[in-house]
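K.L.:
Below, each chain spelled out in residue letters.
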Amino acid sequence: MRLHRAEIDGFGQLFGKELSLDAPVILVYGPNEAGKSTMFSFIRTMLYGFAKRGQAADRQEPVNGGKHGGRLFFGDQTGERYVLDRYAADGTGRLKVRSLVSGEDREVMRGAEALHAFSEGVILTQTDWERTFLGGVSERLYRQLFAITLTELQEIGALSGDELGRYLYHAGWDGGKSIAAAEKRLSQEMDALFKPRGTIQQINQQLKTLEQVEAALRRRKDAIAAYNDLIGQSELLDHSLNQLESELPLTEARLQLLNKACAVRPLWLRKQKLLIERNSLTYALTISAQAARSWEELRRLRAECRDESERTRQKLMLLELQLEAIRYDEHAIRIGHETDALLQTAESIRMLKEECSELDAELREHDEAIARLASSIAPEWTERQLRGFSVTVAERDYVRNAKQQESELSRTTERFSAELEALGQQEREAVNALDEADAALEGDRVRRERESAAGFAVLPLAREALREAWNAVDRALREWELERVRTAGAAGAASGSEAAGRGAAAADRGRAGPLWTAAAGAGGASLALGAAALSGAAAGEAAGGAGLAALALAGAALALVAAALVRSRGGGGSARAASRAEEARRGRLRGGVRTGAATDSDLSHAERRVQLALETIVREPAEAAAALLAAKHHSSAEHLLAAEQARSQLRAAVEGRIEALQISERLQVQRSELARRLSRLRAFAAERSEAAAAAAQIKQAAAGQWAGWLAARSLPAEMSPSAALEAFELAGQALQRLHQYDRLAAKQAAARDHVAAFAAQAAALCEGFEEAERQLAADPVLALRLLHAESRRHAAAEREARGIEERRAELLLSLNSVEARMQELQAAIAAQLEAAGIDNEQGYESALGHRQQAALLELELSKLEVEITAGMPESRIAELEELYAASDEEQLQALQAAAQAAYEQLEKQKREQLEQRGRLRQSVEHLFQEEEQQQLLAQKAMTIAQLEADMERYAVLSISAALIRKTKRIYEEERQPVVLRKTSLYVSKLTDGKYIRVLATPGETGIRLESSDRRLVDSSMLSRGTAEQVYLAMRFALAEEAAHSVKLPFMLDDVFVNFDRGRLHAVARLAAELSNDRQLIVMTCHEHIRDAMLEHCGSAALISI
Amino acid sequence: MTVPFRFIHAADLHLDSPFRGLAKAPDQVREVLSDSTFAALRQLTETAIRERVDFIVLAGDLFDEADRSLKAQLLLVREWEKLQEHNIAVFVIHGNHDPLNGARADLKLPGNVCVFGAERMEYRPAYRRSGELAAFVYGLSYGTRIMTENAAASYRIQPEGPFHIALLHGNVDGDGEHDPYAPCSLEELIGGKGFDYWALGHIHMRRVLYEYPHVVYSGNTQGRNPRETGPKGCYIVDVTAARAVELTFVPLDRVRWLEHTVPIETAGSEQELLQQLADAAELLAEEAEERPVMLRFLLTGRGALHHQLIDKAVVRTLLEQLQEGRQRHAGESWVYVYDLAVHTGAAIHWNELAAEDSFAGELYRLSERLADDEAQWREFAKDAISPLAGHSKIGRLLREELDELPAQWLEQARELTLSLVQGTDT
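In order, the protein sequences belong to chains A and B.
The numbering of the first sequence is my numbering, which starts it at 1 and goes up by one.
The numbering of the second sequence is my numbering, which starts it at 1106 and goes up by one.
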């Protein structure tokens, strides 16, 4: 910013005053109160507004008139010019800025909007103004840095303000606060960690702990050495213990033995006594236990035997008594069996009796039946006849033959009569048939005669002859015809044949068509034939045959037509007829041709042959020939028709003749046939009659024979063979009955015999038994029963006696055996006595008693022995015996006491050593389990770890602190801010190199100066002038830094007053230098200052007021 | 031709050695951890029996002599006795942690166990369980804690052996993270010595350095500190009649140490982050095949949450919540989140920051310079931690770490300071 002009309207003592300020250095020179300070104030007011009313000194109300305020013309750093209006009346913070751009410039600068905005003048607020034109420099800063009076220069505190601090140090410097805080924090932490002579600091404490742990470790025994020591001791102990282990059992055994010896001595004494006692009884011991037992057994057995023998004797006596009491009869017993046998038959006897009565009834019944049967055969028949009547097979056969013969004979007779009747009937019929044949023959003859009267009289020739003759005539006629036609021309014949052909063709067609077409065709053919016949007749004689043929053909055709009309398949037939007609036509044609070719002589010759032929057939040949050859010369239709008629007549006659001949022949044959038959029948009838008569004779003979046979058997004569057969049956039955009767009668007799025999036997048996005899008469069976019971009674008594006897025998036997046993036992006892060497049983008994006693003694002895020696091996027992042998009670006691003492001693030693070993082992175990060493080591390791960590931290902290310190030094020494550097530069200039540097230590107030001889001088120690120079230099530097963009004008209100000459000139030079890029407004009331300034600042503008 | 056989190669059992790098843990977790090396040993025995191996080779460091653990030695012998019942031979060399001159419990080794001496390389025939000669096993134990000479150089095969297995406890090709004991080069092992299988121990990281001949580190059997992450176990080695070698890894670890990196970009709030962590823990527990898991979360990335996370109390609360959220029952698998490492950064545009004329920019540039210049860094860091290093006890105790001056300290310090400096006005 550069000021160009100031127009003061009214400000303090000044009014209506204009000042040109358009120079780099404005030197305002004037005496005191000339208004220099007012002007200084005016410019400041223009830039930063009016002071408040309370500050009248600064506000500078106009005292000499004029409007409070004015205008300030200035250019900005780009060279643009503006004018600033500020009047107190407009308000403190309001000002108006207008651009002073010329028309041309405006054109050029059209684009600049800001400029454009100011071209019409803009009212701005103070803040906007400062920001836009003053580079953001506040009033306070302006007053401190740019508008400097001597008072402000000396305000040292101004340099420590926050606002200025920013310029002294760079961003983040924070006036050195954070650095100081950092250092403080570092040192606090370091102090907490460690102090070389401290005790409570972490590291110091850990060191202490470590020392303690190490001391504890040192104090500890070496576990390994201790272990080795313990192991050594343990081994020694083990050795000693092993020895003890081997000694102890021996001592203990000795002690035990002695204890035992003392304890069981009474027992031993008793044992001795018992031994002596036992020896006295030893003899009894020769009796073996076996012998003692067997002795007892023998005695017992002997007693048993005695008892048994006594019992048996008593039983025997009893049995004797019983036996005496029993009585019985031998006889009664003997007959008992017979009675028994008889009684067994008694039932059959009873049955026989019943059977007898049954047989009676049966016999009666048979008798009646026989009588009945005999009378049914013949009334007069009795049992005698019956017995004499034998029914043999031969007789039976004979009767059957007779019966058969009879029936055959009667059948033959019947057949004969029937045949005869039939033959008579046939005979009658044959006679009738013959009569009829005769009648027919007669009729035929009459009819033939009648026929021969009409037409041509045909010769009564035989049939073959007639046919031959006709054939000859016909042939002759045909030849004739041919001749005639040949001669008379073939025209008519041809047309005729054509018509015939058409007819045939039509007939051909009609084969497939409806029947009427065939008929029409046939009709046509016949017509054509007719026409041909007519032409033929007209042609001549020779044509007569042809005409006849045509007629015949036509007739045939007509017949065929009729047949076709009747039958549905007539088509085929008519066609066949037509084809036949065609053939006939061709034949005729051929005939015609032949005829045509023949000569007249041939014709006559033919005629002759006709006649000759006719002669053989017709009674009047000439007439016939005439009629037939009527067309010979006149071939007109009439002639032809007549010839044809004649020819057909002739032909009919011949045919009729032949037919009649055939019928007549047939009738004759029939008749002769019938006649033969009749005669045959008659002969047969006669034969049959004879046979019938013969049969009747035979029958008669048979009847006679039969009657004879019956009589021979005294059978009724009228009895037929069938009845005889019946009688045979009856007789058979009767005979059977008779036989049964006989048999039953025999049986009955036998039964009666049996019963009688039984009674007799019973009587024999009962003899001698009263009661039975009494009963015998009434009922032999009952008697027998009584007898039987008696016998059984006796038998039972006998059996009982027998049984008693048997038992007696048995008892006797056992008695014997018992006696024998007794003897044996007695012998055995004697043997035993002998073996023992004792002469009686009492002696033996007492010996046995002694033996028992000895055994008891033995038992007690063994018990004592067990008590004494229980659990002791043989050697020990021997030792014990020795002891007893060698010592008495007292000695034993003494020995025992000594052994006891020795044992206890050893025992104690062992216990102690075991304990010791236990302790050792425990110690070893303790060593193993010993954790303290480990814990101490761990603690040590941990302490060291902590120490290391803390130490590291401390080291880092120390280094951090050192880094900060070092950086600070670097800062102080090398990296002073630009302000201080500039300050240093300016100071150096101002002091002419006496002071080379100005230092501001971060975090510390005040500044220091470094002299050219590297001395540092605190600013407070400087002389007033020098201090002012330093502050001035600092302000120059700060101002430089504070507003780089907008270089506000510097206003110095007589601040050089304390400068000496050299320094004044130096500052003048500096001012000139600075004014190169900043306007300087210097106010002074001193001439030498003015001069000095003017001397050095060539471009300075002097304003004198 | 040789008979086919199968053996187990394991090493670095470190029985009963305390867990390092774990500042605190609940009793139950501690119990499981302190038993875990034994559990792995039992697993080894069971695996050998189950898989019907013919013999086992153990390439040193069976226990830590320094721990003076009687239990370790005793249980080892007990397990070997079990193997003897199954007729499985055990070939053992001792390493730097269990040298032969160390304190030893007076224990009688079962007959199936062959311990190689420290005098010179020895060899023993190894038989199949069925009795056929399978291989020769060569070995050399550490007599003392330190073996700096090249032990492998003394290894020679016996030509009559059908298959040659060398047991060696040492550092092949100079792995810098491990003690340089029995150093040798891989070329030396594979070149012309004639061994078929180098069964190596000492380095806890499982790896196959070479095949045919096989040069194999089986790794340790149980992870023992936060650095030993992932499955741990042994190799089952099948050698066919044609001398083909097939390795099958069998995990034996009772507890699995895992480290899981979780970027915080996607988490909008602490609650979300907690949920993500819990989910991740769940997933990892499943992957651990029924084993307890010791889990360390590594929070990385740049996100809004960083400013909360630079507050240790926040992290501690998160960790406590993760630990509380899970119930650990004995015999069940569980996940114990023992650490929540915050390696996050503020959402800073590095390029802008690098160019920024500000305190933060300057600080960043300074850290960059330090990161680039090792010497400068060491000087700077040494100076910074001099109070610590100067402390006699700490200096003695943590000499290694303090000397190492890891670059990540710088990284962390940079993040911390930038976060702090910029923290309040963002």
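Derived by calculation from the structure, the hints in this document are not laboratory data.
One thing to keep in mind: the hints can contain errors.
Stated by the list, open to error - These stretches of chain B come out as covered by chain A in the derived footprint (C-beta under 8 Å, 3 or more residues): (1) 1204-1218; (2) 1243-1252; (3) 1293-1303; (4) 1313-1323; (5) 1351-1357; (6) 1492-1502.
Values in this document were obtained by computation on a predicted structure and should not be read as measured data.
Note that the Cβ used here is the ideal one computed from N, Cα and C, for glycine as well.
K.L.:
Evaluate each hint against the coordinates.
P.N.:
Cross-check of the supplied hints:
no.	hint	verdict
1	1204-1218	holds (count 4)
2	1243-1252	violated (count 0)
3	1293-1303	violated (count 0)
4	1313-1323	violated (count 0)
5	1351-1357	violated (count 0)
6	1492-1502	holds (count 7)
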